[in-house]
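For the sequence shown, our numbering assigns the number 1033 to the initial residue and increments by one for each residue that follows.
Just to be clear, a hint being listed does not mean it is correct.
Think about it this way: if two alpha-carbon atoms lie no more than 20 angstroms apart in a straight line, the pair counts; the simulated SDA-like pairs of lysine to any residue are [what the hints assert, rightly or not]:
#1 Lys1145 - His1134
#2 Lys1099 - Glu1084
#3 Lys1099 - Tyr1113
#4 Lys1145 - Val1063
#5 Lys1099 - Ser1155
#6 Lys1099 - Gly1169
#7 Lys1145 - Pro1096
#8 Lys1099 - Asp1050
#9 Lys1099 - Glu1066
#10 Lys1099 - Asp1138
#11 Lys1099 - Trp1080
#12 Lys1099 - Glu1151
No lab work stands behind these hints, which were simulated from the structure alone.
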Amino acid sequence: HLQMPAVPQEIPHIFFADAQELIFRRYATDVRGEPDLSPQDERWLGEWAQQEFASDFLFVTGYPMRKRPFYTHPDPERPEYSNSFDLLFRGTELVTGGQRLHLYSDYLAALEKAHLPIEPFESYLEAFRYGMPPHGGFAIGLERLLMQLTGVPNIRLTTTFPRDLTRLTP
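Produce the entire structure from the sequences given, and follow the hints as far as they go.
Right, dumping it as structure tokens:
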């Protein structure tokens, strides 16, 4: 049966480094300094959001720049972190998004920092050469949403054509 989510008036949020500190204090697992959250970390944060805020949702913001794509905008006050987020739903990453770079010069600097050549990106960069407004993007995992709403134990059960080591085509 369908398990509709508990959504508070305002979805709670926690900064990435604070989430790691919370996991360390609450679960005695030291993940501080890791570039990402493990599935277990996300489950723990989902439990915490449910206990503290009665929310099935939790935004984790400010992932390390080294974890995000080169085109992600850094946090102006903490440039080692990004203006990005994951939305957890019942302890499962559901949405990833963030602010994108919009200045041509920032793209050139980001490519250089990532040790990536400019040539493969030239046609893309052309759009930014003459001005681009600030913007962002996100992606949602539809199968993950269905898995959590229906309570099935495996995402393969919500995937139309699941792939694995023995099945690569429908």
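So, going through the hints one by one against the coordinates:
no. : hint              : verdict
1   : Lys1145 - His1134 : holds, 17 angstroms
2   : Lys1099 - Glu1084 : violated, 28 angstroms
3   : Lys1099 - Tyr1113 : holds, 9 angstroms
4   : Lys1145 - Val1063 : violated, 26 angstroms
5   : Lys1099 - Ser1155 : violated, 25 angstroms
6   : Lys1099 - Gly1169 : holds, 16 angstroms
7   : Lys1145 - Pro1096 : holds, 15 angstroms
8   : Lys1099 - Asp1050 : holds, 16 angstroms
9   : Lys1099 - Glu1066 : holds, 10 angstroms
10  : Lys1099 - Asp1138 : holds, 18 angstroms
11  : Lys1099 - Trp1080 : violated, 24 angstroms
12  : Lys1099 - Glu1151 : violated, 23 angstroms
When the structure is compared with the earlier hints, violations turn up for hints 2, 4, 5, 11, 12 and for no others.
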